[in-house]
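Enquirer: In case you want the letters, here they are:
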Amino acid sequence: EVQLLESGGGVVPPGGSLRLSCGASGFTFGSYAMGWVRQAPGKGLEWVSSISGSGSDTYYADSVKGRFTMSKDISKNTLYLQLNSVRADDTALYYCAKDGGNFWTDWRFDSWGQGTLVTVPS
Amino acid sequence: FMLTQPPSVSESPGKTVTMSCTRSSGSIATNYVHWYQQRPGSSPATVIYEDNQRPSGVPDRFSGSIDSSSNSASLTISGLKTEDEGDYYCQSYDSSNQRMVFGGGTKLTVL
Chain A
1 EVQLLESGGG VVPPGGSLRL SCGASGFTFG SYAMGWVRQA PGKGLEWVSS
51 ISGSGSDTYY ADSVKGRFTM SKDISKNTLY LQLNSVRADD TALYYCAKDG
101 GNFWTDWRFD SWGQGTLVTV PS
Chain B
1 FMLTQPPSVS ESPGKTVTMS CTRSSGSIAT NYVHWYQQRP GSSPATVIYE
51 DNQRPSGVPD RFSGSIDSSS NSASLTISGL KTEDEGDYYC QSYDSSNQRM
101 VFGGGTKLTV L
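Chain order of the listed sequences is A and B.
Sequence positions in the first sequence follow this note's numbering and run 1 to 122.
Sequence positions in the second sequence follow this note's numbering and run 1 to 111.
Pulled out of the complex, with its shape left as it was, chain A reads as follows (with noise of 0.2 Å):
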């Protein structure tokens, strides 16, 4: 059973940094891609980024791009989203999702963890 588990969420000033961090087990970590997707208080869902299997290749939304860097190790089978310079639009519940096809022709998710909440008082 695949199961994936969010941690180091919490309150954060506009400016600083944070790191989340998504145990994953139940599957070959480094067989697929990841991802990370937020959703702020009572809104829709926004995709963060994705990482492929290998953590070679990253991607980001516009939104975060430049501010937010994702990485995997393989090693610990452990996710992680480095957050600096955090606004309070950043402010969300932090989803850790585990692809669910070809990742090199389609993304989707398959699985996802519980959440770990950022705020970022504005």
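All the pointers check out, no bait thrown in.
In the BS3-like style, the derived pairs of lysine-lysine whose C-alpha atoms are separated by at most 27 Å in a straight line are:
1. B/K15 x B/K107
2. B/K81 x A/K43
3. B/K81 x B/K107
4. B/K15 x B/K81
5. A/K43 x B/K107
6. A/K65 x A/K76
Computed footprint of chain A on chain B; a stretch qualifies when at least three of its residues, placed anywhere within it, have a C-beta under 8 Å from a C-beta of chain A:
7. 26 to 36
8. 40 to 54
9. 90 to 99
Beyond 10 Å from chain B on every Cβ pair, some chain A residues (computed):
10. P14
11. G15
12. S71
13. S85
Just so you know, these hints were derived from the structure itself, not from any lab.
Since the structure is predicted, the reported quantities are computational estimates derived from the model, not experimental observations.
Idealized CB from N, CA, C, for every residue including glycine.
Given chain A's structure and the hints, the job is docking chain B onto it.
Expert: Positioned in the frame of chain A, the structure of chain B alone reads:
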């Protein structure tokens, strides 16, 4: 491109509801459309992938389709149950810009 969904739909138990997802530019058939259900307080879960495929465990009351004439995808739920209430999101891959696109979501109320 963007994906546009109606903010809300409502229907009675036992009835059938269809919700749409319209692609703003480019053909809806260019990239697969996937649908996620998010019940209140829960994480999203796939109900339809690759336009019309159901994951194991999703009842056949859920079906998906695409319509090139309206450049939209649709999610249909028949035999509505109160447990179907929640938010439904369509999603597609923008291969030209290597990004994932979500629709704004449709809130389903089963009254």
